[in-house]
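Protein sequence lines, in the order shown, are assigned to chains A, B and C. Numbering-wise, this note's numbering puts 91 at position 91 of the first sequence, and it's gapless, one number per residue. Quick note: to get this note's numbering, add 1000 to the position in the second sequence (first position is 1). Quick note: to get this note's numbering, add 2000 to the position in the third sequence (first position is 1).
FYI, nobody ran anything at the bench for these hints, they're computed from the structure. Cβ atoms here follow ideal geometry from the backbone N, Cα and C, with glycine treated the same way. Hints may be right or wrong, so weigh each one.
Cut-off 27 Å, straight-line C-alpha distance, at most; resulting in silico cross-link-like pairs (DSS-like, lysine-lysine) [said to hold, decoys possible]:
1) B/1066 <-> A/3
2) C/2022 <-> A/92
3) B/1039 <-> A/3
4) C/2016 <-> C/2048
5) B/1039 <-> C/2452
6) A/145 <-> C/2721
7) A/92 <-> C/2058
8) C/2591 <-> A/145
9) B/1039 <-> B/1026
10) C/2013 <-> A/92
11) C/2623 <-> C/2591
Taking beta-carbon pairs under 7 Å as the criterion, some of the chain A residues facing chain C (in silico) [unchecked claim]:
12) 30
13) 41
14) 42
15) 44
16) 75
17) 88
18) 92
19) 97
20) 98
21) 99
22) 100
23) 102
24) 128
25) 138
Below are the chains, spelled out letter by letter.
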Amino acid sequence: MTKVTLTVNGRAMSGECEDRTLLVHFIREKLGLTGTHVGCDTTQCGACVVHMDGHSVKSCSILAVQASGSTITTIEGLAGQGELHPVQAAFKEHHGLQCGFCTPGMVMTAVDLINREGGTLTEETVRAGLEGNICRCTGYHNIVKAILAADAEMAGSRQAAE
Amino acid sequence: MYATSYHRASSVEEAVKLKSANEEGKYLSGGMTLIATMKQRLAAPSDLIDLRHISTLRGISIDGRKVTIGAATPHADVAASRELAAICPAICKLAGHIGDPHVRHMGTIGGSIANNDPAADYPAGLLGLGATIVTDRRSIPADDFFIGLFETALEEGEMVTSVTFNAPEKAGYAKFNNPASRFAMTGVFVAKTAGGVRVAVTGAGSSGVFRHPGFEQALGSNWSADALSNVAVDASNLMADMHANAEYRANLVKVMAKRAVASAG
Amino acid sequence: MGVEGIGARVTRKEDKRFLTGKGRYTDDMTVPGMKYAYFVRSPYAHAKIRNIDATAAKAMPGVIDVLDGKQLQADGIGNLICGWMIHSKDGTPMKMGAWHPLAVDTVRYVGDAIAIVVADSSGEARDAAEAVVVDYEQLPAVVEAVAALASGAPQIHPEAPGNLIFDWQIGEPDAVDKAIATAAHVTEIEILNNRLSPNPMEPRATLGIYDTAEDHYTCYTTSQNPHVARLVMSAFYNVAPENKLRVIAPDVGGGFGSKIYIYPEEIICLWASKKTGVPVKWTSDRTEAFLTDAHGRDHVSKVKMAFDANNRITALKVDTIANLGAYMSLFSSAVPTYLYATLLSGQYDIPAIHANVRTVYTNTVPVDAYRGAGRPEATYLLERTMETAARELGVSPAELRRANFIRTFPHQTPVIMNYDAGDYEASLNAAMQAADWAGFAARRSQSEAKGKKRGIGMSCYIEACGIAPSAAVGSLGAGVGLWESAEVRVNAVGTIEVLTGSHSHGQGHETTFAQLVAGRLGVPIESINIVHGDTDKVQMGMGTYGSRSGAVGMSAVVKALDKVEAKAKKIAAHLMEASEEDIVIENGELKVAGTDKSVPWFQVALASYTAHNLPSGMEPGLKETAFYDPSNFTFPAGCYIAEVEIDPDTGETDIVQFVAADDFGNIINPMIVEGQVHGGIAQGIGQALLESVQYDENGQLLTASYMDYAMPRADDLPSFKLSHQNTPCPGNPLGIKGCGEAGAIGSPPALINAITDAIGHNKLTMPATPMKVWQALHPAH
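Just chain A, same shape as in the assembly (with noise of 0.2 Å):
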């Protein structure tokens, strides 16, 4: 058993783990954050993307202490308690969640597109920007729209900050 301590949605967190265990089992099953979700073996559905260090990152596929030392943000860490980031908020408005399993690891990816790509988003290029997660519910329609809407509002709001 090794000791992995990790900051995680703003608070430091640590816990005993074997060493193949995987970053989103600790997550889940020593932090109790079960936010976060596995829904395939191959590193290819997106359920348990969380951000690790800034950077979206698939916590299937990095053990847990590999990730020791980092600071790790959980869809449960994204905004204050009660209240909505403004991409959960572009989801409610327009539906882009139905089973919520895909949902966790779309809205962390899609703050982390509008990280990097904010401002400039477009249907296709939000499209290529989820290629790393799959939803099988929505056929992705309602996802596009939120994350397009989440885009202009927080570069709208960016802008009126400035």
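Assemble chains B and C onto chain A, guided by the hints.
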């Protein structure tokens, strides 16, 4: 995943030492292939030596037209490098289409080429550029580095530390995705280098990445997509699976080569 | 229409928990002392089990126990069953082979469960599973249905000679043969409907908890119908009597049919919990899902469609072979019969139809209902045939369809169904207009100028959903009734709980069901909670599948609400000394019509519970239950148009536009209905272009992960153009049809009709992968 022991190296020397102390161990870079393979219990290294925290392995440096990319540089950094895009946009484009955004944040150039997956993109890029692979003990030309399916010239314990190449006059990469895995079902990298035209094909060859002399010759005398129209692609050495038989791959090799030339910058 | 009532685009009440990571799915559940299960599964498609040796596995670190099929059988756990009896045309009952939850002596598909390992961690359970030594005697296997029927094929179940489960027919063979013999034109076509894996993003999971003190079981599971699960596990599998078994389906991450069935793992984890004395959780990985979740489709059909000289259809003859896999799953027999052949009249007035269906065992995963279940197979067959006929007859696809549309209702088809309402031409016109069908020729020229091939195709679908009158399905062989239940429970301060037997696993019932109540009573939607998915909380219900939750589940809520309102009006009348007939309910108040007298809803609720001043003889409380049994199926219909551009160099198909014009009757929440259509279309496009379960000749599954099974991703799909033409359903109080499956039913033929239009010939099967399209364009290859 079978049980394994994790070690975090902070220098190349330490990593090599750890590896030699653990014969059944493996270097772990981004882990985007290795961890996935271990999850499926298709690999069972006793030990993992993590290279991601060795700062000297990370980064892109450009000296005139000479490019050096540290082995632990993630694909996303290569894709986003403006300096590199200014002299070799094709390699940035290639890196920007590996896997998906999350994979590109973790996966590294060194990990990709050391694994030498027959459908990976970087092997085509480096072979096409005539790059040199630098290890902890020597320099290996790309022509000698990529040997076969998941097979390279790396010796036991040898570690890729960087790759270097001279920016070509022109280069392009075109890839046709496997509809399921999104790996290259065929990817072709073309480059007009000081040493002549080089064409490297990934995703199609039954023994991994390969150069296409016929295309190189044709492009050598006429750098245009049309020059490839009458050059035959031999299907007999190409992979066949449920997504693409050898004939279809042979067609893709030519179509992607033409598109790579047409898009070359 | 109020802002929160029927017809409003209300955003979903359930979204916040899903968006903030607070959804509670089965794999999120942990209980004290919980251990992890891993299943030993057959690596062979067909083999005898000579011996199972778990000695080494039991000695491994963390292992609690390893249990096998003989122990399960010895404890009296029953075999899995198919719940719908079909008789062959010779009158003999279907030939169901034994399906042991854990294989006892024979394995029949790769993935067949053999033993369960329970250990401290999932890793240790899997380590130990690899140490279980199973001695197999390999047997020859067969994976294709047609091959399984051939003489000399490997025999899969002793109960089903020649692997034939039943040979069933519907319609009038003589009338059809006669019409074909005298037809002006007969279109003949062979249709393959590819095998699919449903792939909800949440893999199946179950947590079995046995309580020794109470001799009681709790089963958390990924189910679309927890009550049916409890019923079947009690009545047929002898897990426990119903009062000793609680089944909870918490948040469920999609189902699409695959979570209707009660699988071996649920039964085994409950049993293993009693055997080991610890709660046992099993979570499928994706490869296990491919290997064990029921697949869908897999039909091979021969079709003849006869026309008179005026291009009117005179007869349809269909001969189908359906692959049911290694065992008969819960509703597997109904899918290629009553959910399929009864829809073969489509939107057309066809005087005579005959369909013959043979179902077959193979050494593959059991096949059962997947989104659409039989209706996509019927629609694909019919709409490919119509398109082919139009080309052969030299008329436009729209013209041929218009010439044959049913135009008067009700309409009795020759294959059981009685269509109640519809306007097929309205959807066709709307779709053609939205797609700018008239401008297609110009767009095709533009594509040709770029060296691309462009094609356009349509599909006019009808489906039967809201399944179904219980007596009718009972007479056709169903083992259960298909009504739904509801309880409306008004609390003392007027807030409301609605308990429904429907189950939401993405459909948004917590919003739409609440909209119905909010609209009726004029109370805020926040004051209404929808409770579902727990057999201890909700009265018996039948669950969600077959697009039935709106038409059947909500109709039950309407019935219960009617009773609640009637009682509330009596109380209000009493309180205001008015006549009960004069009371109206509006904006959260009970008013005396034509006066300014009113009493707020909450006050009536409170009065019902204080019971200080109720009409004489009235029982206290305000809570009513209703069971609703539909009088007919509902018949959503519509027209879908796909336009594609094909790159002849690579065979890649780009969907340049996709138009859907649907008639779902009245709509509760357009936003949610549109979402259902989007998702259905995406799965239909998946079937048409990407998805295909493939086995090798030895029965090894080649598409056992997303590395080889192509799931539609965002950049494979366009945005969709939707419209609705609503003819209310006369059969239920809300006038609603059903929208959950239409997209998956209507879209595949539209795509393939468009692609074959582009490539100029009909030799193409689904999925139309780039390689297959390229080969179709370059026949020499």
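Against the structure, the hints come out as follows:
1. Taking the CA atoms of residue 1066 of chain B and residue 3 of chain A, the gap is near 43 Å; set against the 27 Å cutoff, the hint is violated.
2. A C-alpha spacing of about 15 Å is found between residue 2022 of chain C and residue 92 of chain A, which places the hinted pair at or below 27 Å, so the restraint holds.
3. For the suggested pair residue 1039 of chain B and residue 3 of chain A, the alpha carbons sit about 21 Å apart, so the restraint of at most 27 Å is met.
4. Restraint check for residue 2016 of chain C and residue 2048 of chain C: the C-alpha separation of about 51 Å exceeds 27 Å, so the hint is violated.
5. Among the hinted pairs, residue 1039 of chain B with residue 2452 of chain C is inconsistent with the structure: their alpha-carbon atoms are about 43 Å apart, more than 27 Å.
6. A C-alpha spacing of about 13 Å is found between residue 145 of chain A and residue 2721 of chain C, which places the hinted pair at or below 27 Å, so the restraint holds.
7. Using a Cα cut-off of 27 Å, the hinted pair residue 92 of chain A and residue 2058 of chain C is violated, with the two alpha carbons roughly 49 Å apart.
8. For the given pair, residue 2591 of chain C sits about 43 Å from residue 145 of chain A by alpha-carbon distance, which is inconsistent with the 27 Å threshold.
9. This hinted pair checks out: residue 1039 of chain B and residue 1026 of chain B have alpha carbons roughly 15 Å apart, not beyond 27 Å.
10. Taken as a hint, the residue 2013 of chain C and residue 92 of chain A pair is honoured in the structure, with Cα atoms around 9 Å apart against an allowance of 27 Å.
11. The hinted pair formed by residue 2623 of chain C and residue 2591 of chain C meets the criterion: a straight-line CA distance of about 21 Å does not exceed 27 Å.
12. Look at residue 30 of chain A: its Cβ only gets to about 11 Å from chain C, farther than 7 Å, so that hint breaks.
13. Interface hint at residue 41 of chain A: satisfied, since its Cβ lies 5 Å from the closest Cβ of chain C, which is below the 7 Å cut-off.
14. Hint on residue 42 of chain A holds. Least Cβ distance to chain C is approximately 5 Å, under the 7 Å limit.
15. A cut of 7 Å between beta carbons decides the hint on residue 44 of chain A: the least distance to chain C is about 4 Å, and the hint holds.
16. Hint on residue 75 of chain A holds. Least Cβ distance to chain C is approximately 4 Å, under the 7 Å limit.
17. With 7 Å as the threshold, the beta carbon of residue 88 of chain A comes within range of chain C, its nearest partner Cβ sitting at about 4 Å, so the hint holds.
18. Of the supplied interface hints, the one on residue 92 of chain A holds, with its beta-carbon coming within about 4 Å of a beta-carbon of chain C, less than 7 Å.
19. Hint on residue 97 of chain A holds. Least Cβ distance to chain C is approximately 6 Å, under the 7 Å limit.
20. Of the supplied interface hints, the one on residue 98 of chain A holds, with its beta-carbon coming within about 4 Å of a beta-carbon of chain C, less than 7 Å.
21. The interface hint given for residue 99 of chain A holds, since its Cβ lies 3 Å from the closest Cβ of chain C, which is under the 7 Å cut-off.
22. Taken as an interface hint, residue 100 of chain A checks out: its beta carbon lies about 3 Å from the nearest beta carbon of chain C, inside 7 Å.
23. The criterion of a C-beta within 7 Å of any C-beta in chain C is met by residue 102 of chain A, whose closest approach is roughly 5 Å, and the hint holds.
24. The beta carbon of residue 128 of chain A comes within 6 Å of a beta carbon in chain C, closer than 7 Å, and the hint placing it at the interface holds.
25. Against a cut-off of 7 Å between C-beta atoms, the interface hint on residue 138 of chain A holds, since the closest Cβ of chain C lies about 5 Å away.
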